[in-house]
Amino acid sequence: MSYDDAMAQFDPAFGLEVHVELNTATKMFCGCPTEFGAEPNTQTCPTCLGLPGSMPVVNAKAVESAIRIGLALNCEIAPWCRFARKNYFYPDMPKNFQTSQYDEPIAFEGYMDVEVEGETHRIGIERAHMEEDTGKSLHVGGSAGRIHGADYSLVDYNRAGIPLIEIVTKPVLGTGARAPEVARAYVGQLRDLLLGLGVSDVRMEQGSLRCDVNLSLTEQDSASLGTRTETKNVNSLRSVERAARYEVMRQAAVLVGGGSIRQETRHWHEDTGVTTSGREKSDADDYRYFPEPDLVPMAPSREWVEELRSSLPEPPHERRARLQAEWGFSDLEMRDTVGAGALGLVEETVAAGTAPAAARKWWLGELARRANESETDLGSLGVTPADVARVQALVDEGTLNDKLARQVLDGLVAGEGSPDEIVGARGLAIVSDDGALGAAVDHAIAENPEVADKIRDGKVAAAGALIGAVMKEMRGQADAGRVRELILERLR
Amino acid sequence: MPESSEHTITREQVAHLADLSRIDLSDAELDDLAPQLSVILESIASIQGVAGDDVPPTSHAMPLTNVYRDDVVRPGLTAEEALSGAPEVEQQRFKVPRILGDEQ
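Line order of the protein sequences matches chains A and B. The letter at position 350 of the first sequence is residue 494 when you use this note's numbering, and the numbering goes up by one with no holes. The letter at position 65 of the second sequence is residue 183 when you use this note's numbering, and the numbering goes up by one with no holes.
Honestly, I wouldn't trust all of these hints.
[To be verified] Take a look, some chain B residues computed to stay more than 12 Å from chain A by CB distance: (1) Thr128; (2) Arg129; (3) Ser139; (4) Leu143; (5) Leu148; (6) Ala152; (7) Val168; (8) Asp171; (9) Met180; (10) Asp189; (11) Gly203; (12) Glu208; (13) Gln210.
[Unchecked claim] Covered stretches of chain B (in silico footprint by chain A; criterion: 3 or more residues with CB under 8 Å from a CB of chain A, positions within the stretch not fixed): (14) 156-163; (15) 181-187.
[Unchecked claim] Listed below are several chain A residues computed to face chain B (Cβ distance under 8 Å; list not exhaustive): (16) Asn167; (17) Thr168; (18) Pro177; (19) Gln187; (20) Asn358.
Don't read these hints as lab results, they were simulated from the structure. Just so you know, even glycine gets a beta-carbon here, dropped at the ideal spot from N, CA and C.
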C-alpha cells in the first residue's frame, strides 16, 4: 500500500525512545573507563562484571548530566528518586539485571519544540531516566551475525555499565502525513541539544545515540489509539524517517487486509529498508522491578538544580534565531540548514574561519549530496567542520578552485587524510606557474587557429574557448585568470 | 492449603516466576512451594495491615541519600583477569551458549 493511500484512511501516532550514552570519563557505578573502540574486556572491574561482593557507587557527573538534560527538556526534576533492578536473563548483563529507574525517573513531564518546514510541533517528554548500558554480543554462526540461528555468542563487557539516559516522548498525535519527518526532526534536534549541553558524543554511527520508534495507526475519525509496534535498531536520522514511513505502510496494509497489529518488538534493517517481527513485547511485570538495595536514594537539592539550570546553554530556538541574524541567512536558507541537520556543522565551520554562506554551500550542497548518495547523515560522512574550513581557505587563497575542492571532498569522504594531505597526494593544487601554463597555452593556440585569429581581431570573448582547451589539457588544475592573461599577452 | 485470597499465590504464578528466574521446578516442588509462599505473603499482608498510610514502604535500612563518587578513572581488571573465571573464552570475549530470545 502506498504511503498516500495509507494516509487517506489512517492517522499515525508515534513515540520515540532515545538512549544516549553520556560522555563521562567513567561508568555509571564503577570507575572503569568508557572509551569507545578499546580491545574487548579491557575496561571492566568486579562491579560491572557483576562479581559477588562488588558494590556499585553512583557517578556524580552522570547525575549532573541527567539533571541538565532534564532541565533542557523543560522537565521537572524529582526531589527524591531511586534506582531499580530490571531483572532478566540475558548474557549482555552479567548481573542478570540492569540497574535502571522504574517508576521514579529523575526527570519527567517536559517538552521540546520541534520545527519542521517552518511549523512548530511541541513534543511532550514523558520522562528521562538513568540506567546503564549493556555489553556487546557478537553472534557466531547462523546467517550474517544475526541472533537467530547463531551457534553461540561472544560477549564484550567494555560497554556494560556506561551511563545511559533514556528519553521517552509522550505519544505524538496530529502530525498526519508529516509524522515520519517530525520524528526525524525531533531526534535531530534532540541530538543538537545534547551536543550543545556537551553531555554526550551523540554519534549515532558509534551507538552513543540510539533510537526506538513506536508507531500505531488510528482509523480516521476514530477516538482511540491503535496497537503500537516498537521498532528497534534505528540508528541514523534518515532511518528514523524511513522506519516510521515503512511501519505506516506495513500496518495500513495489514489493517486494510482485515488483519490486526500485534504489539511486538520489530527490528529495522538498514540495508533492505524493512522491519521484521521480533519478540512479543513482554509484560513489565515479568521484569520484576524492585528498588536497588545497593544504592541509596538520590535527592538532588533544589539549590543544585537551580545552579544547573542557570548554567544551561542557550535554548535551541533562541540559538537558531541568533545564528540566523549573525549569518544573514534567509528564512528558507535557515530552514534548509536546520532540516539537513547542519546547524551545528555550519556553526563550527564558521567558527573555524569560513564565511557563513560558503559553509552553508559546502554542507548543504556537495556534502549533502554525498551523504544522500551513501545513505548516511552529514555528521557521519567523516568530514569535519575543520576540514571544510580548510578546503574553503584553500579556495580563498587560490590553491584550489571549486572543481578541485570537490575532489578534495571526495578524498575526505574516502578517508584519505586531511585536506592538505589529499591536495598533495592527489596532486590537486592549481597550477599558476607560467612555464607549465605557457606551454599549454601555446598548444591550445596552435590547435585552434580560427579562435586565435578572432582574438587577434579583437574578439576577446572568444578567449573562453582557449581557456577551456587549456583547462582540459591541465585536468582542470590551471589558474584560469592567469591562463586568460597569458592568452591575451600572446594574441594582442 | 490456605484459603484463597488476594494474598494467595497460585501454582501457575509460581511456575511462571520459576520460569522467569530460570529455576527448573518439578511438579512436586510446585505443589509444595505454592502454599509455602502463600503463607509468607499472608504474613507480610498482616504487617502491612499495621502500617498506616503515613508509613512509606521501606527500601533501605539506613536513612542515607546522595552517596556519589567523583568521575575519576580507577584501575580495573586486565582482560586476562576479567576472563579468568569464564568457562570458555574466544576472541578475548566470554563465550556463551546460543541465546534464545532478544536483546533488551
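Quick rundown of the hints versus the structure:
Listed as a non-interface residue, threonine 128 of chain B keeps its Cβ farther than 12 Å from every Cβ of chain A; the least gap is roughly 14 Å. Remark: the non-interface label on arginine 129 of chain B is consistent with the geometry, its nearest Cβ contact in chain A lying 18 Å away (cut-off 12 Å). Residue placement check: serine 139 of chain B does not keep its beta carbon more than 12 Å from all beta carbons of chain A (closest about 8 Å). Here leucine 143 of chain B stays apart from chain A, with its beta-carbon at least about 16 Å from theirs, past the 12 Å limit.
Against the 12 Å criterion, leucine 148 of chain B stays outside the reach of chain A, whose nearest CB is about 18 Å from its own CB. No beta-carbon of chain A is positioned within 12 Å of the beta-carbon of alanine 152 of chain B; the least distance is around 17 Å. Taking the minimum C-beta to C-beta distance to chain A, about 21 Å, the non-interface status of valine 168 of chain B holds against the 12 Å cut. Look at aspartate 171 of chain B: its CB is around 18 Å from the nearest CB on chain A, clear of 12 Å, so calling it non-interface holds up.
Residue-level check failed: methionine 180 of chain B sits 7 Å from the nearest beta carbon of chain A, not beyond 12 Å. The beta carbon of aspartate 189 of chain B is not kept farther than 12 Å from every beta carbon of chain A, the shortest such distance being approximately 4 Å. Taking the minimum C-beta to C-beta distance to chain A, about 8 Å, the non-interface status of glycine 203 of chain B is violated against the 12 Å cut. Under the 12 Å C-beta cut-off, the non-interface status given to glutamate 208 of chain B relative to chain A is violated; the minimum distance is some 6 Å.
With 12 Å as the threshold on Cβ separation, the claim that glutamine 210 of chain B sits away from chain A is violated: the shortest Cβ distance comes to roughly 5 Å. Given as covered by chain A, the region 156-163 of chain B fails the check, having 0 residues with a CB less than 8 Å from a CB of that chain where 3 are the minimum. Counting residues of the region 181-187 of chain B whose beta carbon lies closer than 8 Å to any beta carbon of chain A gives 6, which reaches the threshold of three, so the coverage claim holds. With its C-beta approaching chain B no nearer than about 10 Å, asparagine 167 of chain A sits outside the 8 Å limit, and its interface hint is violated.
The closest approach between the C-beta of threonine 168 of chain A and any C-beta of chain B is roughly 5 Å, which is under the 8 Å cut-off, so the hint is satisfied. Because the closest C-beta pair between proline 177 of chain A and chain B is about 5 Å apart, less than 8 Å, the hint holds. Annotation: interface hint on glutamine 187 of chain A holds; nearest CB of chain B at approximately 7 Å, less than 8 Å. For asparagine 358 of chain A, the suggested interface contact is broken, since its CB lies about 16 Å from the closest CB of chain B, more than 8 Å.
Of the numbered hints given earlier, the model fails hints 3, 9, 10, 11, 12, 13, 14, 16, 20; all others are met.
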